[in-house]
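> Here are the chains, one letter per residue:
Number of protein chains: 6
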Amino acid sequence: MKVLYIAPVGSDVYLPARAEICERAGNAGTAIDIVSLPPGRPTHVEYHAYEAMVLADVVRHSYAAANKYDAFIIGCFYDLGLREAREVSGRTVVTAPCQASTSIAMALGNTFSILVGRRKWIPKMTENVRMYGLEHAMVSMRAVDLGVHDFQSHAESEDRLMETGRRCVEEDGAEVLILGCTAEFGFHEKMQDELGVPVLDPMLSALKYAEMLVEGAQRFGWYPSRKWGSEAPPEEEMAAWGLFDREPPTGTFIEAGSLASRSLAKKIPAE
Amino acid sequence: MKVLYIAPVGSDVYLPARAEICERAGNAGTAIDIVSLPPGRPTHVEYHAYEAMVLADVVRHSYAAANKYDAFIIGCFYDLGLREAREVSGRTVVTAPCQASTSIAMALGNTFSILVGRRKWIPKMTENVRMYGLEHAMVSMRAVDLGVHDFQSHAESEDRLMETGRRCVEEDGAEVLILGCTAEFGFHEKMQDELGVPVLDPMLSALKYAEMLVEGAQRFGWYPSRKWGSEAPPEEEMAAWGLFDREPPTGTFIEAGSLASRSLAKKIPAE
Amino acid sequence: MKVLYIAPVGSDVYLPARAEICERAGNAGTAIDIVSLPPGRPTHVEYHAYEAMVLADVVRHSYAAANKYDAFIIGCFYDLGLREAREVSGRTVVTAPCQASTSIAMALGNTFSILVGRRKWIPKMTENVRMYGLEHAMVSMRAVDLGVHDFQSHAESEDRLMETGRRCVEEDGAEVLILGCTAEFGFHEKMQDELGVPVLDPMLSALKYAEMLVEGAQRFGWYPSRKWGSEAPPEEEMAAWGLFDREPPTGTFIEAGSLASRSLAKKIPAE
Amino acid sequence: MKVLYIAPVGSDVYLPARAEICERAGNAGTAIDIVSLPPGRPTHVEYHAYEAMVLADVVRHSYAAANKYDAFIIGCFYDLGLREAREVSGRTVVTAPCQASTSIAMALGNTFSILVGRRKWIPKMTENVRMYGLEHAMVSMRAVDLGVHDFQSHAESEDRLMETGRRCVEEDGAEVLILGCTAEFGFHEKMQDELGVPVLDPMLSALKYAEMLVEGAQRFGWYPSRKWGSEAPPEEEMAAWGLFDREPPTGTFIEAGSLASRSLAKKIPAE
Amino acid sequence: MKVLYIAPVGSDVYLPARAEICERAGNAGTAIDIVSLPPGRPTHVEYHAYEAMVLADVVRHSYAAANKYDAFIIGCFYDLGLREAREVSGRTVVTAPCQASTSIAMALGNTFSILVGRRKWIPKMTENVRMYGLEHAMVSMRAVDLGVHDFQSHAESEDRLMETGRRCVEEDGAEVLILGCTAEFGFHEKMQDELGVPVLDPMLSALKYAEMLVEGAQRFGWYPSRKWGSEAPPEEEMAAWGLFDREPPTGTFIEAGSLASRSLAKKIPAE
Amino acid sequence: MKVLYIAPVGSDVYLPARAEICERAGNAGTAIDIVSLPPGRPTHVEYHAYEAMVLADVVRHSYAAANKYDAFIIGCFYDLGLREAREVSGRTVVTAPCQASTSIAMALGNTFSILVGRRKWIPKMTENVRMYGLEHAMVSMRAVDLGVHDFQSHAESEDRLMETGRRCVEEDGAEVLILGCTAEFGFHEKMQDELGVPVLDPMLSALKYAEMLVEGAQRFGWYPSRKWGSEAPPEEEMAAWGLFDREPPTGTFIEAGSLASRSLAKKIPAE
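Chains as they are written, first to last, in this note's numbering: chain A, 1 to 271; chain B, 1 to 271; chain C, 1 to 271; chain D, 1 to 271; chain E, 1 to 271; chain F, 1 to 271.
Only true hints are included.
Given that identical chains are not distinguished, each listed pair holds provided it fits within a single copy or across any two copies.
Pairs of lysine to any residue residues, derived as SDA-like cross-links and limited to a Cα-Cα distance of at most 20 Å, are as follows:
1. 124 - 135
2. 124 - 134
3. 2 - 17
4. 124 - 170
5. 68 - 255
6. 2 - 20
Because the hints were derived from the structure by calculation, they are not lab data.
Go ahead and model the full structure; you've got the sequences and the hints to work with.
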């Protein structure tokens, strides 16, 4: 199965690490490509205006790669564009980190906490959890005062996540922890060893969730609904406007995973 | 006070009518400018992918006109980009049709129904009402099977709205009706005369709501919060990326309202 | 436009100050009258039994002045009698401080806190916020341990509001603050200067909200619904019982605002 | 135990029937007095303005009879004044028909419907059910188009209740029915025989609920809380205002039940 | 009336004390039998797996004693088996401690806290409160770090309950306290004397609630619904499977209360 | 990976079909064993009392096979014993049909309907969906008036499911359909072909969800939480009571799937 991880940022700083992690994490038959946006796009989307500036690109990638991949993963814990990208994804299933990791959390315990970077993120992420119907199970969302680009470079990252995670468990009653940023990779194993509760890495959650959805699609025909609110826009209208005439803006493109034939990469040239 | 109505579509077909309506509807001191997007952008945003394609433009207009206007109105009942536009609006308040009309509805009755165009729109609009916390008061959302561009051209528009509105009142128990599309203008007066309940035009609701917010801002300093989730992105970062270096893409720009000096128009040249 | 502010208390101690504030705060065309109840009525309504003792008077004023004013404001953050007064207000719109300020808060930020006087008030005010559907956005309601009549006379009022407001912002994550008593006037400007978030005075919120509703009524015919739960009682029945035969009990009556002809005052003589 | 049923209306038309029913329905040791308001008060409270006109009287009776009775029942399915009356009831517990019957319904089945008189009543009664937290269990609230004074005099009352109740069960999935007006007495037995589900008479529900609360109070000291929102107003303040100096306005007073010594009646003379 | 208290544990250590308390607490006409499970069953059900091991026995007792008792009380604050036992209880009403005490709490105050033994219990008990629709009124659930069998034997039990109850009232705003375990008996009186709020013992709450339901059943025919989700399984099917052929496993059986003829005890022999 | 499907019924009538379906549906590396309960246990669990009679067996199988399998699937759309079985499952993850299929539905569309057998099932299944936080997305739950054992034998099963599914889509607005019984297998493909929306078979959903959870467990250490409400009971206590001394009662045991070495079967002998 072929999965496209769409990193909605104009930065490839985390891409090689992501590729390596995904390569190890994917199933035997899973090939994961990772694509980022070109320079000039925001290098992170902590602000909602930044999300707005890259949303169209996420949809462009979704439209361009629809039916060419089995699944898309939207690489941001805001789950930005999940609804919009799925609308034009054809038979390609789409998931995102918050949706996937909260779903998994509910299967592993009664309550969870989310560890985010900045307090900035909390209102929208809280709203997303409420939108997903899981606010009753989220006992806290706590910020560690680190930005997207701090997690992998800041000496204190691990200490802060560990200490804040401990408070979520001990003070707030969390039975499961969720790392609320796709840049919070590399921490979950040590955290769960030390804290004694499952700690969900959102990128890995999304990958496994995507693989499950693809299984459903391939074996049972469970493709995204195209009815009512999920109806796709008419092809003629999009063509008339030339809405997706240009190739989707692409920064770096990395092939990970283990699939033998990788002809797909050519389909998505850089801008 | 100066209000900018941002029509997030690459079409100016409704703009002259809007301008005329707004001119009559605004307060004595209210000047309303209306701006649309250039050709090539979707001429309606019934589909979420279309929303995605224009969201950045909404934010661009918000950023470019921040502090130059007193209020922005986002001209779509999906309230698209409300959060994102407000983030970069500086001291300019921002509102949108669904937020404004549901708020007014709650002051006029106990329950309301929303009359939308197509069933396509229902899931996201229902989610928005739920996000605003008002699902307990919405007794129904019904579609009349007309698209954005049908309302003003379809012979049956009024009949369908009238008949569906009657069902909302009589069968569903609505005490107030909301027209769920900014293209549903020109109908509310006859409908409320005949149906005997207030019928809210969302563009007009948004205009009055905007005027109220501006009053609060000008007199009492109630500008948009810039704390936590409402924090604006840092200017340096946006500048470094050149995020808003270009003028916002503009289709038609119309000045409505009664303000004497209208120097602002020059600030927003067409693309 | 003519607005009647109904102070549901048998005390005029705050009335001159209110009048002065309203006079400055109203729009150019807004005339605001303020009426209180006669001595012997509770001088504050912190207790629900006190609310009960003045509720009929609120309704009496609403019935007596229906259609003579454009809007009524119920001068208590419990929003006491909002439903009941609106039922007999004819074409006069009715609003109240909690409804108005929470609505405005939702347009300025993602979250809010309410600063009330005593813990006594918290359960009912919390219930009101829940009834309005906004409990998801209220991150805290905190009491400053001051009664209605303490706010303007207590040396520490400002300090306590400032300190408690700071905790709401910093500890609870409030992006907007609401002062939860109409006696908490005179504080919002300094608070927002110092705390850096909008601080909503509930009387001023209600005034601006009322002006908006009147605009809707006058221009678009958006009068209070009279359907289903909003149906008014039959005139004959009220007349047969002599329900509103007596003039509404009136304490002090003050004209504020800027409207030229003020013939209305004669209509509401003291008891 | 002594229970006071407060009929918040200026009409005694149903009082003898109520007394007879209560006499049969009360426990061996339960004495039930029924008090109504004097002529001139609304003879029914279908409208919220009417509720407002009698609310103070409900509180006056509560204050006057506090600690003299073991329980008060507020005789209206709007549960009008439940909060306010309980605030000044001292150690007398207070209940009301909607609270009591919905609580009992939840113990007898998974879902319930409420059969009200007019559609007028539905929004407020729905809000009450939501306030009590039971909207998830209420599968419908249906009106039979009869007013308070129609139920006992209308030839079709039983037929309409039966037919509407059947629809609640068969179409809406109700497992329990609640009669949503204290004037809907005399119907429940035949209805439940025919419809095969429990049909709760709200007056009887309230009586049994009151007896239970009195048991808790007398045996275990479970009197109404007087903490935080339940704090009673200070006696000195009420005395200074003369708030409850006059006897509560009384229409008819009937003693029902089986208690031997009935000296209490003298305490509540007619107005 | 005859009430069966089903202690769903293989331990009779608390039974004599329960019997004595129930004997004092029941109404004049109430006879309370208490039955426990035989040795080998869990002696407490703090863990959900333990609940699972005794649930069938609860249902067996319910089926065996259906219509022979007027009410069953399920003796565990998890309200374990309430739905299941009621399904086969015939005309016997069924209640349980959490359902009963939260219902009573809502009649005595605006908010409540629950004092449980261990943090282990919190997620499921919180879910139960949410299922009952009362999460809006529960301001906290706090554990005192004592197990079921510690409450009556631990020197610090009273101190911990008192101290934790005080925090619930003072810090969390509870107006009513609920003891969240049927083993927390013997504490409520001293607690409410000292803390000044009603403190509900769950066993006593359930007893009074059961008596109320029996009153409704006996006088008004309000037996458990047998419609839709409350439909009982078909007798033939149960007989064919021999589902309830054996007597329900019984440990100790104690007769409490004051009913003269106690022939029922013979009906439920020990296993 | 090894998955144990626990059919909580004393019937093996569907087991061969299930085995065949699972064998085809599982991943290459997935071996699925299916175990049922011995004769005498209910052959279906449509009634909650029947659930009660088999719950302990579900837990016994969970305890006995803990850590020997990678995942358990509880084979009933009531998700019976999910919480209880997971408590003693050690490192074995546990899922169930309703949890799995509603989670997948949320990834494929905005709304879903559930097609159940009898109206009997609706209240509890509705409560489960509410418990999972997804009631906002469930637009309807409809019964086709077929019992568990009718689906595979009734001539009209397919017609009824098709017709009812069509109403869910067309009238209720469902974008995804869920078959609400594990006996509704064999229908989903034809239904989705004809109705044009994804139709989720709950057994297959659970299987894929289980495989995803196992991936998380094996690769990332995401085992079930053992903290707070998820804490397992102490081994010593269970041993002292002999709680799980006996082998779990077993009816038929079938090995499906493709795993080479199948030594596990011996571990779970028939009763």
